[in-house]
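Let the sequences and hints guide you as you build the complete structure.
First to last, the sequence lines map onto chains A and B. The first sequence begins at 1 in the working numbering and counts up one residue at a time. The second sequence begins at 1 in the working numbering and counts up one residue at a time.
Hints are computed from structural coordinates only; laboratory data are not their basis. Please read all numbers here as calculations on a predicted model, not as lab measurements. Be aware that a few hints might be false.
Identical copies go unnamed one by one, so any copy, or any two together, can satisfy a pair.
Below are the DSS-like pairs computed for lysine-lysine, each with C-alpha atoms no more than 30 Å apart in a straight line [what the hints assert, rightly or not]:
#, residue 1, residue 2
1, Lys7, Lys29
2, Lys91, Lys7
3, Lys89, Lys7
4, Lys74, Lys32
5, Lys89, Lys63
6, Lys74, Lys29
7, Lys32, Lys91
8, Lys38, Lys91
9, Lys74, Lys38
10, Lys7, Lys32
11, Lys63, Lys29
12, Lys89, Lys38
13, Lys38, Lys63
14, Lys32, Lys89
15, Lys89, Lys29
16, Lys74, Lys63
17, Lys74, Lys89
18, Lys63, Lys91
19, Lys7, Lys38
20, Lys91, Lys29
21, Lys91, Lys74
Protein chains: 2
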Amino acid sequence: MNDEILKSYRESIDNIDAALVFMLAERFKITKAVGLHKATSGLPAADPNRESAQIERLRSLAKSANLDPDFSEKFLRFIIDEVIRHHEKAKSGD
Amino acid sequence: MNDEILKSYRESIDNIDAALVFMLAERFKITKAVGLHKATSGLPAADPNRESAQIERLRSLAKSANLDPDFSEKFLRFIIDEVIRHHEKAKSGD
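Below is the structure:
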């Protein structure tokens, strides 16, 4: 497709995707540190209050950004599932 | 949990999550514009070559960020599924 408008849109999407990937990498670095910190400090791995606060906050931010709040919640769960996978992998590596 | 280290990690996670939400909102603004542009220009909605190029690029970026490339691909599919949902919603609203 030789379309200058489409090309420009795709460049923006590619820039945003790169930013998302690097930001996700940074987020997982922190959640790995959290997992380690909780394990060494004897803190429980799960914290349901924290999770519901995160969901409420993200839904509210999504609304202000004109993003579907349900999607923002689904997105957070998608990320948290990966965090859990990392923690389980880390445990089995012990 | 009254733990300064954990509190600091969580602040960083919250900052990153806000950035992710606003960046996703911007990404969906662009994909909505792409959908409209394709519809008015008579371009096909799907472009398998573009999609595989996006996946390859993201996997390569993920590797350089020390992020699981499989996760980056799963992430892109998660986002693209939502884009498809938006396009279908837009069509049914015609």
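These are the hints, each one checked on the structure:
In the homo-oligomer, the alpha carbons of Lys7 and Lys29 lie at most 30 Å apart only across protomers (16 Å), although the nearest pairing inside one protomer, at 33 Å, exceeds that limit. For the identical chains of this complex, Lys91 and Lys7 are inter-copy neighbours only, at 23 Å across copies versus 45 Å inside a copy, given an alpha-carbon limit of 30 Å. When the C-alpha separation of Lys89 and Lys7 is checked against a cutoff of 30 Å, the pair qualifies only between copies, where the shortest distance is 24 Å, while the shortest distance within a copy is 40 Å. Proximity of Lys74 and Lys32 under a CA criterion of 30 Å is satisfied in both settings, with 21 Å inside one chain copy and 20 Å between copies.
For a Cα distance limit of 30 Å, the shortest separation of Lys89 from Lys63 across copies, 19 Å, qualifies, whereas the shortest one inside one copy, 34 Å, does not. Within a single copy, Lys74 and Lys29 get their C-alpha atoms as close as 21 Å, and across copies as close as 19 Å, so both meet the 30 Å cut-off. With identical chains, the CA atoms of Lys32 and Lys91 are at most 30 Å apart within one copy only, with a shortest distance of 11 Å there and 42 Å across copies. Only within a single protomer do Lys38 and Lys91 lie at most 30 Å apart by alpha-carbon distance; the minimum there is 12 Å, versus 48 Å between protomers.
In this assembly of identical chains, the alpha carbons of Lys74 and Lys38 lie at most 30 Å apart whether taken from the same copy (25 Å) or from different copies (28 Å). Proximity of Lys7 to Lys32 under the C-alpha cut-off of 30 Å is restricted to the inter-copy arrangement: shortest distance 15 Å between copies versus 37 Å within a copy. Proximity of Lys63 and Lys29 under a CA criterion of 30 Å is satisfied in both settings, with 28 Å inside one chain copy and 14 Å between copies. Proximity of Lys89 and Lys38 under a CA criterion of 30 Å is satisfied intra-copy only: 16 Å inside one chain copy versus 43 Å between copies.
Proximity of Lys38 to Lys63 under the C-alpha cut-off of 30 Å is restricted to the inter-copy arrangement: shortest distance 27 Å between copies versus 32 Å within a copy. Taking the closest pair of Cα atoms, Lys32 and Lys89 come within 30 Å of each other only inside a single copy of the chain (11 Å); across copies the shortest separation is 38 Å, beyond that limit. When the C-alpha separation of Lys89 and Lys29 is checked against a cutoff of 30 Å, the pair qualifies only within one copy, where the shortest distance is 14 Å, while the shortest distance between copies is 36 Å. Taking CA atoms no more than 30 Å apart as the test, Lys74 paired with Lys63 passes in both settings, with 14 Å inside one copy and 25 Å between copies.
For a Cα distance limit of 30 Å, the shortest separation of Lys74 from Lys89 qualifies both inside one copy, at 23 Å, and across copies, at 18 Å. Taking the closest pair of Cα atoms, Lys63 and Lys91 come within 30 Å of each other only across two copies (23 Å); inside a single copy the shortest separation is 37 Å, beyond that limit. Taking identical chains as interchangeable, the C-alpha atoms of Lys7 and Lys38 lie at most 30 Å apart only when they sit on different chains, with a minimum of 12 Å there against 46 Å within one chain. In this assembly of identical chains, Lys91 and Lys29 lie within 30 Å of each other by CA distance solely inside one copy; the values are 16 Å within and 40 Å between copies.
In this assembly of identical chains, Lys91 and Lys74 lie within 30 Å of each other by CA distance both inside one copy and across copies; the values are 26 Å within and 23 Å between.
Hint violations for this structure: none, all hints satisfied.
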